[in-house]
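There are 2 protein chains.
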Amino acid sequence: MAEKKKLTALSELGEFGLIEHLTKNIKLKNASSLKGVGDDAAVIGEGDGVKLVTTDLLIEGIHFDMVYTPLRHLGYKAVVVNLSDIAAMNGKAEQVTFSVSLSSKYSLEAIEELYKGAYLACETYGVDLVGGDTTASPAGLFIAVTAIGTAEKDRVVYRNTARKNDLICVSGDLGSAYMGLLILEREKKAYKANPEMQPRLSGHEYLLERQLKPEARIDILKALAGAKVLPTAMIDISDGLASDVMHIGKQSRLGCTLYEDKLPINQDTMKLCQDFDISSVTAALNGGEDYELLFTVAQEDYEKIKDIMGISIIGHMSDFSEGMHLVTKLGQQIALQAQGWDALKK
Amino acid sequence: MAEKKKLTALSELGEFGLIEHLTKNIKLKNASSLKGVGDDAAVIGEGDGVKLVTTDLLIEGIHFDMVYTPLRHLGYKAVVVNLSDIAAMNGKAEQVTFSVSLSSKYSLEAIEELYKGAYLACETYGVDLVGGDTTASPAGLFIAVTAIGTAEKDRVVYRNTARKNDLICVSGDLGSAYMGLLILEREKKAYKANPEMQPRLSGHEYLLERQLKPEARIDILKALAGAKVLPTAMIDISDGLASDVMHIGKQSRLGCTLYEDKLPINQDTMKLCQDFDISSVTAALNGGEDYELLFTVAQEDYEKIKDIMGISIIGHMSDFSEGMHLVTKLGQQIALQAQGWDALKK
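If you're matching them up, the sequences are chains P and B in order.
First residue of the first sequence? That's -17 in the numbering used here, and the numbers climb one at a time after it.
First residue of the second sequence? That's -17 in the numbering used here, and the numbers climb one at a time after it.
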């Protein structure tokens, strides 16, 4: 009798391992498929102008919790996280499709709120909602958004094109979205223990907004273009700085060094990390969902970028053999680990 | 005290009503957004060549039942239903993104089967898989596919451009996919009653394949191009002939007449309708999921299309005031009703 073959649990691979496993044998056939799986967006086109295409899923119970997620913010965020992917290719988003699968527990008024948020994001970023699918779900709310952008072919910025000695830069601050999530989870727990209790959210507006209503950093692309700087590589921070800088490192076949004292961490994040007794460096490295731009620039562009508001230089690329690590304030070298948010292991 | 406002159940609107309600106020802003919501695909671009973009969701428990759906077929179908939308715009699909949200009950081997099906569809239709998202779900399997195609701008065929007296044509046969579904549902019921029972599927291969592994009718587009016929309007049949011909009628501001004796119905479908004691005309009109092309052509193209294999002329467009109906074999006029498959009412 044949022995029953043992099946492999998805958790053994994790999200990145699974995607790598499932897509490693793809060979692109169409001349218009310039870049497929493996970057923030696919690159499609024939001439000097190309189209960028990216898709993200947002799943109730995995990516958001209806207990504390306003539907309007959720619709906004679902669009913005895709616009952020287009931005991370140095492109301009112009269209989105917005697809929703929802159970009968949602009323029309609830879905209107969701769409209001999506439309607000479209208006804010000058994007058109051009399609989508709307259908029932047996349970919960599933959102699938595809964004389409344009770029000049020779100005698309990939993940795998960083060069040795390039400066590593990041926009905004890191770890705040994660701290916003911790506040919401804390208040959910308190509410469950005592439904009469008022949530303690006041004073945390910045962190909550970072979690619930992130923005795509189009302003940073404009500032870079204004300074005549084209990044050598770029990615948006969705899984956490550590995980995302490692994507640039691995795909560019380089090592990298980050400096703890250069990491941009907001005062509110600092303070809350003390309250929660967690390291703000951990929040910055592994928190995820910041939707900031992480990019590399040539050393000779230092003068052009050093005074741009909202950009921090946090390290540099090195030889692959040197590995990827963080230098702490005490001068210790700690190897980076992609402990980023991995929904498949939840 | 303020009266609590009554919330509106989604079932009151249905899928088409909900989409119409949520998208009616969209105003396209970007010059590249040539056509938004309301056709089989959005049309995007600046020059003579345009891009077509379409998205479809396939949800476990709504669109498919894991009891009788082989995962390889499901992956194939998820891609094909999107390619069919691109075909219905007279475009050539070149890329897809394939996104999956799945619960931990699925093993790696199961997901490999799903992707094998998706890749087989990509290979069969010369399409590249260029991206997607892979994430956990709290329960069940959710698939979101976006297809991107190309077309010459002046050869894109919309739904709203049929003209009075145009001939209404359909490819292949109608109602077979629905009958395939009825067989599968019958055997599921029998299996639940008696798990020892062998499913009675033999002899129904054609109908089962129509349900489980549909194809996009690229061959019909080639035949039409070969005969130098450009349809005046086109849609693919996903919701059922009645529902889909009414889309063309409403959007073109025309009426239409279909003839029962012209409807292409396969012998297997005919026979099974007798066994199930349902009308084969009902199956053809309202079954859905045939993924055949429904299109209109000018009267003067009659000679060019009448001998093309796999195309049936089933009626003609008329004045809006004449309404939309079917003439039965007995000469009765029956008003068409969009009783098509409406997942939100399930």
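There's no promise every hint is true.
Intra- or inter-copy, both count: the list cannot distinguish identical chains.
The calculated lysine-lysine pairs, modelled on DSBU-like cross-linking and capped at a C-alpha distance of 30 Å, are [as the list claims (entries may be wrong)]:
{"#": "1", "residue 1": "6", "residue 2": "98"}
{"#": "2", "residue 1": "253", "residue 2": "9"}
{"#": "3", "residue 1": "98", "residue 2": "74"}
{"#": "4", "residue 1": "288", "residue 2": "74"}
{"#": "5", "residue 1": "-12", "residue 2": "170"}
{"#": "6", "residue 1": "74", "residue 2": "11"}
{"#": "7", "residue 1": "210", "residue 2": "98"}
{"#": "8", "residue 1": "232", "residue 2": "9"}
{"#": "9", "residue 1": "98", "residue 2": "171"}
{"#": "10", "residue 1": "-12", "residue 2": "98"}
{"#": "11", "residue 1": "135", "residue 2": "11"}
{"#": "12", "residue 1": "-13", "residue 2": "232"}
{"#": "13", "residue 1": "210", "residue 2": "11"}
{"#": "14", "residue 1": "135", "residue 2": "6"}
{"#": "15", "residue 1": "174", "residue 2": "253"}
{"#": "16", "residue 1": "17", "residue 2": "-12"}
{"#": "17", "residue 1": "170", "residue 2": "204"}
{"#": "18", "residue 1": "87", "residue 2": "6"}
{"#": "19", "residue 1": "74", "residue 2": "311"}
{"#": "20", "residue 1": "174", "residue 2": "74"}
In case anyone wonders, no lab produced these hints; they're calculated from the structure.
Going through the numbered hints above, which ones does this structure break? Give me the numbers in ascending order. Result: hints 2, 7, 12, 16, 17, 19, 20 break, sorted rising.
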